[in-house]
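With the hints as constraints, model all of the structure from the sequences given.
Those letters in the first sequence? Residues 20 to 274, per our numbering, in order.
These are calculated hints, taken from the structure and not from any lab test.
Some hints could be false.
In silico lysine-lysine, DSS-like type, Cα no more than 27 Å apart, as pairs [stated by the list, open to error]: (1) Lys256 to Lys60; (2) Lys55 to Lys143; (3) Lys21 to Lys55; (4) Lys259 to Lys21.
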Amino acid sequence: MKVATWNVNSLTARWPRVDEWLRTRDVDIVLVQETKQTDAKFPFDALRDLGYDAAHYGQGQWNGVAIFSRVGLEDVTRGFGDDDPEARVIGARCGGLQVYSCYVPNGRALDDPHYQYKLSWLEKLRERLAARPSDQRIVVGGDFNVAPTDLDVYDPEAFVGATHVSEPERGAIRALLATGLVDAARQHNPDDPCYSWWDYRNGSFRRGWGLRIDLLLVDDVTAGRVIDVHVDREARKGEKPSDHAPVVVELRDEI
DNA sequence: ATGTCACAGTCCCTGTGA
Numbered sequence: 020m021k022v023a024t025w026n027v028n029s030l031t032a033r034w035p036r037v038d039e040w041l042r043t044r045d046v047d048i049v050l051v052q053e054t055k056q057t058d059a060k061f062p063f064d065a066l067r068d069l070g071y072d073a074a075h076y077g078q079g080q081w082n083g084v085a086i087f088s089r090v091g092l093e094d095v096t097r098g099f100g101d102d103d104p105e106a107r108v109i110g111a112r113c114g115g116l117q118v119y120s121c122y123v124p125n126g127r128a129l130d131d132p133h134y135q136y137k138l139s140w141l142e143k144l145r146e147r148l149a150a151r152p153s154d155q156r157i158v159v160g161g162d163f164n165v166a167p168t169d170l171d172v173y174d175p176e177a178f179v180g181a182t183h184v185s186e187p188e189r190g191a192i193r194a195l196l197a198t199g200l201v202d203a204a205r206q207h208n209p210d211d212p213c214y215s216w217w218d219y220r221n222g223s224f225r226r227g228w229g230l231r232i233d234l235l236l237v238d239d240v241t242a243g244r245v246i247d248v249h250v251d252r253e254a255r256k257g258e259k260p261s262d263h264a265p266v267v268v269e270l271r272d273e274i
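This is the structure in structure tokens:
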């Protein structure tokens, strides 16, 4: 079974690339961020034609998260059950897994109120994950907007004082892992940076100026099923790409 | 730091967010 996370930066603008990707990658569950569309515009019918059930938590102009699954889709949850007006997390049960698609707030700047919103949002996610049953098999994917360590940053010097690398943000990611989760890409590729995002500006992709901010966090039993984790850099090339590439984990069948 | 992209409204340019 393959599970992917992909920030598509507008499903409306990206649909031709997403459609082509789904037809050629043979992925079972796709955790999608930044759909930037309402539920009314979401391509439920086109996804069904491709074999996927889908659940969307749409907002409109900004944010928006979704789950595509061809291994079942049940018990959909949207948000954290609080008063957060932004559509940033959706969960479901797919193929024996609890999955979440997360779009963590950007933070904008260390002294911006949005940064505190980011930290409090990550704490709400931690609380949700800490409350899960111990026997639950889970994949938490998304754009976390945090590079967990300096290995995940092309030039750590250039990011001193910036968001995405600050100690409170990195501490929040470690706190998610401390609920009993494994960073699948880093476990499987201890030395490969595995960047997943490159700025549209400056020719960043061509120059290799990337960050690893799109993560797949899995419970320890699921971590034992991992055959491969890779970043699909081909999806970052060509016509009208997202600024993020998909990250894909392949799991061996359960015994 | 900034060589881009996507969105909505001010609607074919501009401000905002990333």
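Results of checking the hints against the structure:
1. Lys256 to Lys60: holds, 26 Å
2. Lys55 to Lys143: Holds: Lys55 and Lys143 sit about 23 Å apart, inside 27 Å.
3. Lys21 to Lys55: Distance ~25 Å between Lys21 and Lys55 Cα, so the pair holds.
4. Lys259 to Lys21: Measuring from Cα to Cα gives roughly 25 Å; hence the hint holds.
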